[in-house]
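Protein chains in written order, with my numbering: chain R, 647 to 994; chain S, 22 to 253.
None of these hints come from the bench; they were simulated from the model. Positions of the beta carbon are idealized from the N, C-alpha and C atoms, including for glycine. Keep in mind that the hints are not guaranteed to be accurate.
Unchecked claim - To give an idea of the chain S side of the interface with chain R (calculated C-beta under 7 Å), a few residues: (1) Met105; (2) Leu120; (3) Val123; (4) Gly202; (5) Leu203; (6) Leu206; (7) Leu223; (8) Asn227.
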Amino acid sequence: MTEWFQGQLGYGFGWFVSTLILILMIALPLMLAVAMIIYADRKIWAAMALRRGPNVVGPFGLLQSFADGLKVFLKETIIPSSANRGLFLLAPIITFTIALIAWAVIPFGPDMVLADINVGLLYILAASSLGVYGVIIAGWASNSKYPFYSALRAAAQMVSYEVSIGFVLITVILWAGTFNLQGIIAMQKSHVFFLNGFGFNPLLFPMAVIFLISAMAETARAPFDLTEAESELVAGYQTEYSSMSFALFWLGEYGNVLLMCALNATLFWGGWLPPIDWAPLYVVPGIIWLFAKIFIFFFIFSWVKATVPRFRYDQLMRLGWKIFLPFALLWVAIVSGYLMITRYGALA
Amino acid sequence: MGAGLGREHCRRCALPLSRQPNLKGHDRNVIQTFTFYLFATIVIASGALTILSRNPVHSVLWLILAFFNAAGLMLILGAEFIAMLLVIVYVGAVAVLFLFVVMMLDVDFAEMRAGFARYAGFGALMAVVLLAEMIFAVAAWNAGGVSVASKAAPVDPSVPNIEALGTVLFTRYLYIFEAAGLVLLVAMIGAIVLTHRTRSGLRPQNPSEQNRRRPEEATRNMNPGIGQGVEL
Numbered sequence: 647m648t649e650w651f652q653g654q655l656g657y658g659f660g661w662f663v664s665t666l667i668l669i670l671m672i673a674l675p676l677m678l679a680v681a682m683i684i685y686a687d688r689k690i691w692a693a694m695a696l697r698r699g700p701n702v703v704g705p706f707g708l709l710q711s712f713a714d715g716l717k718v719f720l721k722e723t724i725i726p727s728s729a730n731r732g733l734f735l736l737a738p739i740i741t742f743t744i745a746l747i748a749w750a751v752i753p754f755g756p757d758m759v760l761a762d763i764n765v766g767l768l769y770i771l772a773a774s775s776l777g778v779y780g781v782i783i784a785g786w787a788s789n790s791k792y793p794f795y796s797a798l799r800a801a802a803q804m805v806s807y808e809v810s811i812g813f814v815l816i817t818v819i820l821w822a823g824t825f826n827l828q829g830i831i832a833m834q835k836s837h838v839f840f841l842n843g844f845g846f847n848p849l850l851f852p853m854a855v856i857f858l859i860s861a862m863a864e865t866a867r868a869p870f871d872l873t874e875a876e877s878e879l880v881a882g883y884q885t886e887y888s889s890m891s892f893a894l895f896w897l898g899e900y901g902n903v904l905l906m907c908a909l910n911a912t913l914f915w916g917g918w919l920p921p922i923d924w925a926p927l928y929v930v931p932g933i934i935w936l937f938a939k940i941f942i943f944f945f946i947f948s949w950v951k952a953t954v955p956r957f958r959y960d961q962l963m964r965l966g967w968k969i970f971l972p973f974a975l976l977w978v979a980i981v982s983g984y985l986m987i988t989r990y991g992a993l994a
Numbered sequence: 022m023g024a025g026l027g028r029e030h031c032r033r034c035a036l037p038l039s040r041q042p043n044l045k046g047h048d049r050n051v052i053q054t055f056t057f058y059l060f061a062t063i064v065i066a067s068g069a070l071t072i073l074s075r076n077p078v079h080s081v082l083w084l085i086l087a088f089f090n091a092a093g094l095m096l097i098l099g100a101e102f103i104a105m106l107l108v109i110v111y112v113g114a115v116a117v118l119f120l121f122v123v124m125m126l127d128v129d130f131a132e133m134r135a136g137f138a139r140y141a142g143f144g145a146l147m148a149v150v151l152l153a154e155m156i157f158a159v160a161a162w163n164a165g166g167v168s169v170a171s172k173a174a175p176v177d178p179s180v181p182n183i184e185a186l187g188t189v190l191f192t193r194y195l196y197i198f199e200a201a202g203l204v205l206l207v208a209m210i211g212a213i214v215l216t217h218r219t220r221s222g223l224r225p226q227n228p229s230e231q232n233r234r235r236p237e238e239a240t241r242n243m244n245p246g247i248g249q250g251v252e253l
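Only chain R is shown next, with the shape it has when bound in the complex (with noise of 0.2 Å):
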């Protein structure tokens, strides 16, 4: 597509606009998915608290979403008068983009990625650490005490959290010998014996374990909705928000979370390739393999929200500094000293 349009604009402008359509046709489904996967989110908690769930607006309730969604729209953009104008309506559209950026690298096929670096996993937890600002500044910006408390707690567990990330993602980069994404879902192919994926590995499944658990805590998923905690903070960092500023969040947020659940699925459960690796299930697209998993990893946040009682801050604090920490750490020598004696030879 690129070349085509590069044929008939030019080489620069010709790349501008096929670039422009490419990234579109990846954040309008991702619009329409979050859409879905918030009323996902509201059935399968319904269901477990025994309760019917959204179910009068379209069959089954399916347009759910999109009534919220105009309903919200047509709601008034009320800014606190003490409030920091600017800072306040940026706020949300920070959170927003960052929840839309990582996405460019993330492979859906064995040919379709937006942006194929040879840094993409360095990038997406670039963007990563980058979401934190938009509750931050919120927060700051709101000029309430509420949502300062949230964007206070929010700046350390994020931060906490990311160092645990960054370890895990070293294993897995060690053992894929690469950062770029296609390259750590290709040398995911037939990893144990017939299976694709990292985390059939005994040597990296806790580590897949930890990704997950940290994943929550880097989303701010409930059990660690520290920030949003509705008994303690209100509504955290949205306490001021309304309209379409507070879609913006609502929105940013499950992007957020299903590019956690992509994540999962590429970095350890083989991405777009299918589970066992064998001939015809390559038949079935590469993406329908990938959006099932993300919605097996989506299915277990929802789980994982509609169990777990909510953490206190102290043990999401000792979680991430005294437990996932120490354990990555360890773990990292362990997987890179098991590969210098078996792939690089160290003690032949």
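Got chain R sorted already, so can you dock chain S onto it with the hints?
Chain S alone, transformed into the frame defined by chain R:
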């Protein structure tokens, strides 16, 4: 450029764009030049706003924008690893802590502005020294024994720069690299030693004790009669 293909001429040669054999290279240069000036302008502007804005929180946010665009400049240079590290380390961690601290501080603006005149001379001196150093560095780089070829591409461009950096860091500069790690470790331990103090009257959580606790120890089944209370 490119929209009116065929009529336009390339800036560097007489050929019209439609007959330009190496259209790719030239157009790529135009894009790179454009993005370079875009990023560079934003870096300088946001750097200036960092020191000019009155609200310290705004200053930190401008600083973050400057870091971000500096990372963009590194990307244009082909140093994608350094660019990502800049974003992860400085924007993702250091600036978050800056912002955290600045938000918590109750800054007196009047006092800060009074201090400006006092430190202006010293600040100007620092600026002159830094500028002179930069000029010297560029002059030395130009005058020194670095050949033109290795200036343009110090390493083989096909080697990813993570690999290139790693090869240098873990062989030639191994000891310096480890010493840098040691310095950071000492700084970290120093900070902990300096700020950690044991106060009296603290009631810390004891997770192992909390986890050992069973329902039998913590709850009692009571069945009081109607109108009777419970003795606790």
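Hint check results:
| no. | hint | in the structure |
| --- | --- | --- |
| 1 | Met105 | holds (4 Å) |
| 2 | Leu120 | holds (6 Å) |
| 3 | Val123 | violated (9 Å) |
| 4 | Gly202 | violated (14 Å) |
| 5 | Leu203 | violated (17 Å) |
| 6 | Leu206 | violated (13 Å) |
| 7 | Leu223 | violated (12 Å) |
| 8 | Asn227 | violated (11 Å) |
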